[in-house]
Amino acid sequence: MSAGTRGLRGSSVAILESLYQHRLLSTRQVHDLHTPKATARFAQETLVDLRAASLVDRVVRPGGLGVWFLTSGGIEMVEEIPNRVETRRTSISPERAAGPLQAHTLAVNDVGVGFVRLARERGEEFGPFGWRHEIAHPLTPPGKRQERLIADAILSYQANEKGATRFHYRFIEVDRANRPVDDLAAQIGRYGRLYRRPSNGRHAALHWTRRYRVFPNVLVLLAGRPDPNLERRRATLLALCRADPDLARSPELQVFVCLLPELKRHGPAATIFRTVTEPDRPADWLGRRPTGQGERP
49 MSAGTRGLRG SSVAILESLY QHRLLSTRQV HDLHTPKATA RFAQETLVDL
99 RAASLVDRVV RPGGLGVWFL TSGGIEMVEE IPNRVETRRT SISPERAAGP
149 LQAHTLAVND VGVGFVRLAR ERGEEFGPFG WRHEIAHPLT PPGKRQERLI
199 ADAILSYQAN EKGATRFHYR FIEVDRANRP VDDLAAQIGR YGRLYRRPSN
249 GRHAALHWTR RYRVFPNVLV LLAGRPDPNL ERRRATLLAL CRADPDLARS
299 PELQVFVCLL PELKRHGPAA TIFRTVTEPD RPADWLGRRP TGQGERP
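Residue numbers (the working numbering): 49 to 345.
It should be emphasised that the hints constitute simulated quantities derived from the structure, not laboratory data.
Idealized CB from N, CA, C, for every residue including glycine.
Label-pair distances were calculated between CB atoms; the ranges are: (1) Arg89 to Gly335: 36 to 42 angstroms; (2) Thr284 to Gly191: 32 to 38 angstroms; (3) Thr188 to Tyr260: 15 to 21 angstroms; (4) Arg259 to Arg89: 39 to 45 angstroms; (5) Ile129 to Val262: 26 to 32 angstroms; (6) Glu209 to Arg99: 38 to 44 angstroms; (7) Glu128 to Asp328: 50 to 56 angstroms.
The list that follows gives simulated cross-link-like pairs (lysine to aspartate or glutamate, EDC-like), each with its CA atoms no further than 20 angstroms apart: (8) Lys312 to Glu169; (9) Lys85 to Glu173; (10) Lys312 to Asp158; (11) Lys210 to Glu172; (12) Lys312 to Asp275; (13) Lys312 to Glu279; (14) Lys85 to Glu172; (15) Lys210 to Glu169; (16) Lys85 to Glu169; (17) Lys312 to Glu172; (18) Lys210 to Glu173; (19) Lys85 to Asp158.
Whole structure, please, built from the sequences with the hints as guidance.
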């Protein structure tokens with residue numbers, strides 16, 4: 049803890065660091081991440097205290113939902129914290145917090161919150177800092193016109209499986225139905241290019257092995273429309289991905305697609321995902337499918 053944060057109560061420091069890393073959080077998200085054993089009112093009061101100290105500010109969505117972000121003073125305080133998870137400075141103005149950035153950022157953070165809840169239920173390791181936003185990956189060698197793939201987020205989940213520890217990495221893509229579905233399919237296909245990109249022209253090693261132990265599978269979350277519309281969008285997206293040549297040349301890469309409202313209702317362990325390879329057989333986020341009756345399709 050830095051000298052500047054010593055006067056803050058316990059959850060306040062974590063909330064500041066979380067806002068630094070995740071840019072925008074709703075009051076409910078802050079409560080889910082940092083004060084789950086207290087009341088939602090406690091989270092609200094903590095945020096109000098931080099606002100009174102000029103460390104955070106908020107914009108109000110329709111319906112009165114507060115969306116919180118760091119002020120310049122809050123950013124400077126977090127940057128005094130040694131060994132913080134996120135090191136990139138991202139300043140959010142009130143105008144940006146109230147603009148198009150808001151819905152997408154909150155949706156990405158809803159995905160993270162779903163995995164935090166799952167880890168708590170199972171006694172596994174995935175906390176408020178388990179995902180990072182907008183991670184860029186070069187698709188071409190360095191040059192003037194270098195092409196990059198920017199994942200909405202990357203998460204790392206530590207699971208306990210049959211007495212052993214296993215790490216699961218996932219690329220997160222959140223689509224709010226504000227672009228043509230074929231553009232979304234092309235974005236997903238670029239992960240196939242990333243998978244196959246060589247380290248350089250002389251060696252067979254793949255470039256992604258510099259960063260990841262295993263190549264992350266892709267979770268695509270659809271939002272922004274009523275569920276029936278999203279189900280049709282998912283079916284179209286899966287069909288386009290099955291025909292994508294970059295994905296066809298990268299069969300090791302798995303793509304999972306679900307509706308974000310379903311993930312928020314049921315969590316990632318429910319069989320709510322459809323895959324490119326087996327679109328008619330629902331699976332959970334690890335690709336496991338029901339073996340008997342009574343499990344949610």
